[in-house]
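Trainee: All chains, full assembly: derive it from the sequences and hints.
Residue 844, in the working numbering, is where the sequence shown stops; the numbers in between run on with no holes.
Please note: incorrect hints may appear among the correct ones.
Claimed, not checked - Calculated lysine to any residue pairs in the SDA-like style (CA-CA distance at most 20 Å, straight line):
| hint | residue 1 | residue 2 |
| --- | --- | --- |
| 1 | Lys774 | Ser798 |
| 2 | Lys791 | Lys728 |
| 3 | Lys774 | Tyr784 |
| 4 | Lys791 | Thr823 |
| 5 | Lys774 | Gln842 |
| 6 | Lys728 | Ile712 |
| 7 | Lys791 | Ser762 |
| 8 | Lys728 | Ala718 |
| 9 | Lys774 | Ala758 |
| 10 | Lys791 | Arg827 |
| 11 | Lys774 | Val804 |
| 12 | Lys728 | Asn739 |
| 13 | Lys791 | Asp749 |
| 14 | Lys791 | Thr824 |
| 15 | Lys774 | Asp756 |
| 16 | Lys774 | Glu746 |
| 17 | Lys791 | Arg753 |
| 18 | Lys791 | Cys841 |
| 19 | Lys791 | Asp756 |
| 20 | Lys728 | Asp820 |
| 21 | Lys774 | Val803 |
| 22 | Lys791 | Ser844 |
| 23 | Lys728 | Val804 |
| 24 | Lys791 | Ala779 |
| 25 | Lys728 | Glu746 |
| 26 | Lys791 | Gly766 |
| 27 | Lys791 | Asn739 |
| 28 | Lys728 | Gly806 |
| 29 | Lys774 | Ala751 |
| 30 | Lys774 | Arg786 |
| 31 | Lys728 | Leu716 |
| 32 | Lys791 | Glu746 |
| 33 | Lys774 | Asp820 |
Calculated directly from the structure, the hints in this document are not laboratory data.
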Amino acid sequence: MIEIPTDADSSSPPTGERRYTAPGFDAGSTQIIDRVPDDETEFIATAAQPTGGAHRARPAGPVAIPPSTPQRPSWLIPILLIVAALLAAAIVGVVLVKRAGAAREAQLNQVRATIETFDTAVRGGDLATLRSVTCGETRNNYDKFDDQAWADAYTRIVAAKQYPVIASIDEVVVNGDHAEANVTSYMAFDPATTSTRSFDLQFRDDQWKICQSS
631 MIEIPTDADS
641 SSPPTGERRY
651 TAPGFDAGST
661 QIIDRVPDDE
671 TEFIATAAQP
681 TGGAHRARPA
691 GPVAIPPSTP
701 QRPSWLIPIL
711 LIVAALLAAA
721 IVGVVLVKRA
731 GAAREAQLNQ
741 VRATIETFDT
751 AVRGGDLATL
761 RSVTCGETRN
771 NYDKFDDQAW
781 ADAYTRIVAA
791 KQYPVIASID
801 EVVVNGDHAE
811 ANVTSYMAFD
821 PATTSTRSFD
831 LQFRDDQWKI
841 CQSS
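Mentor: Okay, structure coming up:
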């Protein structure tokens, strides 16, 4: 006899379902064949498709690669430092030379100024100035005169034009606190006849003074 499951039984989940077969001609009874269970269904997850215009994939294209910074050789840095030091030393040297040249030129100008002041005082008979810009033997010659004696002597000198006039200052050499100068001069009574005179100067009392002339 074949047993057929009812609808009530089919609504419930099959547990241990069995199959029945009709007996063969040579079988003495009904055989029950166990059901081979089916393989489990495998679910494959798929990537969610973007909706609308959001999160669209960028089109493939060339990618800009930033240039790599070249590495300087290790021996280049010391050379650059040496070159920089040499340049700095050269600049300092130029500055010092310029300063030394400016200081020397200032001394030469001071010597010339003293000689010009002396020449003006001689022609004008300014005894006080002659004493202030001279020293040594030259200063002693002017100290011998008092004001009245000098005024009398200068009056005679001017009348005879017996005083020298400096036409030009030709050469000045400064060596520390000592200086020498060569000038072209003439006597006031004979301007056409010129001669070379020498002045020996010393730096005293914060100024150059004529200590000897010849």
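Trainee: The structure should be examined with respect to each hint, and the outcome stated for every one.
Mentor: Results of checking the hints against the structure:
1. Lys774 <-> Ser798: violated, 29 Å
2. Lys791 <-> Lys728: The hint is violated at about 45 Å.
3. Lys774 <-> Tyr784: holds, 14 Å
4. Lys791 <-> Thr823: Holds, because 14 Å separates the two Cα atoms, which is no more than 20 Å.
5. Lys774 <-> Gln842: holds, 16 Å
6. Lys728 <-> Ile712: Between Lys728 and Ile712 the Cα gap is close to 24 Å, so the pair fails against 20 Å, i.e. violated.
7. Lys791 <-> Ser762: violated, 24 Å
8. Lys728 <-> Ala718: holds, 15 Å
9. Lys774 <-> Ala758: holds, 13 Å
10. Lys791 <-> Arg827: holds, 18 Å
11. Lys774 <-> Val804: It is violated: about 30 Å lies between the C-alpha atoms, which goes past 20 Å.
12. Lys728 <-> Asn739: Holds, because 16 Å separates the two Cα atoms, which is no more than 20 Å.
13. Lys791 <-> Asp749: OK: Lys791 and Asp749 at ~14 Å, within 20 Å.
14. Lys791 <-> Thr824: holds, 15 Å
15. Lys774 <-> Asp756: Between Lys774 and Asp756 the Cα gap is close to 15 Å, so the pair holds against 20 Å.
16. Lys774 <-> Glu746: At roughly 23 Å apart (the allowed maximum being 20 Å), Glu746 and Lys774 break the hint.
17. Lys791 <-> Arg753: holds, 10 Å
18. Lys791 <-> Cys841: Judged against 20 Å, a Cα distance of about 24 Å means the pair is violated.
19. Lys791 <-> Asp756: The given pair, whose Cα atoms are some 16 Å apart, holds under the 20 Å limit.
20. Lys728 <-> Asp820: violated, 43 Å
21. Lys774 <-> Val803: violated, 30 Å
22. Lys791 <-> Ser844: Holds, at about 19 Å.
23. Lys728 <-> Val804: Given that 20 Å is the threshold and the Cα spacing comes to 17 Å, the pair holds.
24. Lys791 <-> Ala779: Since the Cα atoms of Lys791 and Ala779 sit roughly 18 Å apart, the hinted pair holds (cutoff 20 Å).
25. Lys728 <-> Glu746: The given pair, whose Cα atoms are some 27 Å apart, is violated under the 20 Å limit.
26. Lys791 <-> Gly766: Judged against 20 Å, a Cα distance of about 26 Å means the pair is violated.
27. Lys791 <-> Asn739: The given pair, whose Cα atoms are some 29 Å apart, is violated under the 20 Å limit.
28. Lys728 <-> Gly806: Roughly 18 Å separates the two Cα atoms, so the pair holds.
29. Lys774 <-> Ala751: holds, 17 Å
30. Lys774 <-> Arg786: With a Cα-Cα distance of about 17 Å, the restraint between Lys774 and Arg786 holds, given a limit of 20 Å.
31. Lys728 <-> Leu716: Since the Cα atoms of Lys728 and Leu716 sit roughly 18 Å apart, the hinted pair holds (cutoff 20 Å).
32. Lys791 <-> Glu746: holds, 19 Å
33. Lys774 <-> Asp820: violated, 28 Å
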